[in-house]
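Novice: Let the hints inform the model, and build the full structure from the sequences given.
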Amino acid sequence: MTTRRWQLAHGRHLDLGGKAVVVGILNVTPDSFSDGGLFASREQAVAQARRMVEEGAKVIDVGGESTRPGASPVTIEEEQARVLPVIEALAGLGEALISVDTYREDTARLAVAAGAHIVNDVWGLQREPGIARVAAETGAGLVIMHTGRDRQKLPDVIEDQFFFLRKSLEIAHASGVADVQIVLDAGFGFAKETAEENLDLMARFSELAALGYPLMAGTSRKRFIGNVTGRDAMDRAAGTAATSVILRLKGAHLFRVHDVAINVDALAVTDAMLAREIPGS
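With the numbering used here applied, the sequence shown covers 17 to 297.
There's no promise every hint is true.
[What the hints assert, rightly or not] Pairs of lysine-lysine residues, derived as DSSO-like cross-links and limited to a Cα-Cα distance of at most 27 Å, are as follows:
1. Lys35 with Lys169
2. Lys266 with Lys183
3. Lys266 with Lys35
By construction, these hints were calculated from the structure, which means they are not laboratory data.
Specialist: Put into C-alpha cells, the structure is as follows:
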C-alpha cells in the first residue's frame, strides 16, 4: 500500500499506508450506545485515553454528542463543556494526536485552538459547511464521513458513497482545504439500516479507492456486527477486529475503535502478511 502523508494542525502529520493506524474512541457523553457515562469526567476521560495510547492507539477521537439513532441533541455549550477540557488536558500530556468528533464549526475551531490536530465530521461538511473553513484556516486534518441520514439515498451502496462524498469534497475544496488534509470515512451504520447493507459496503470497500483519498473504517461495536454474531454491544470486540482485518485487506488506512488492543494485534498480523505478499510495502 502506497504511503501518503496526512497533514494535521500544529505542524503535525501522519504517514498512512505502510501500517494501519488505530484511532481510539473517547466518548465524553452520558448516552453513547455502548460506553455512555463511562468517561464523562475529565479525569476518567484522560485515564481512558492514556490506556488506549498504551495499547497502541495513535489518535484519540474525542466526542461530546452521541450519534446513535434517536439520541437527544445537545447544545453547543454543553458539547464544548464536555470536549474542550479533555482536549486541553490531552494536549498538555502530548502522548497522542487528538481528533474532535463534531459537526459544529465553532466547536471545531475552539477544539483546534485547545490542541486538537484533526476534525472528524460525521455529517461530511453538509450540516455546517463552515467547518471546512476551520480546517483550511488551521491546517487541521479533516475526516469527511458519509451518512445517509435526513436524505433519500441512492439504491446502490457505492454509488451513494460517491454521490455524497463528491459533494462534500466540493465543499472542502471551495473553502481551501488541501487534498493532503483529507481522509474519507464510509460511515458504517449511519443510515445503513440492515446488516446486509453494511456487509455489502465492506465487500465493495476497495471501490472507494477510486475517490483518491485515504480511508477510515468505523465499524466498532456496530449493530450489524451484533446481527451477525448475536452478541451485545460490549461483547463485539472480536467481531470488530474481524471487520478491521477485512477492511485493511480492502484498502482502509485508519480504524476508529473502542477496543484498541485487540484491533492493534489483529491489524499487526494483517500488515505483516501484506508486507510478505507485496515486496517493498
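Novice: Provide an ascending list of the numbers of those earlier hints which the structure does not satisfy.
Specialist: Result: hint 1 breaks, nothing else.
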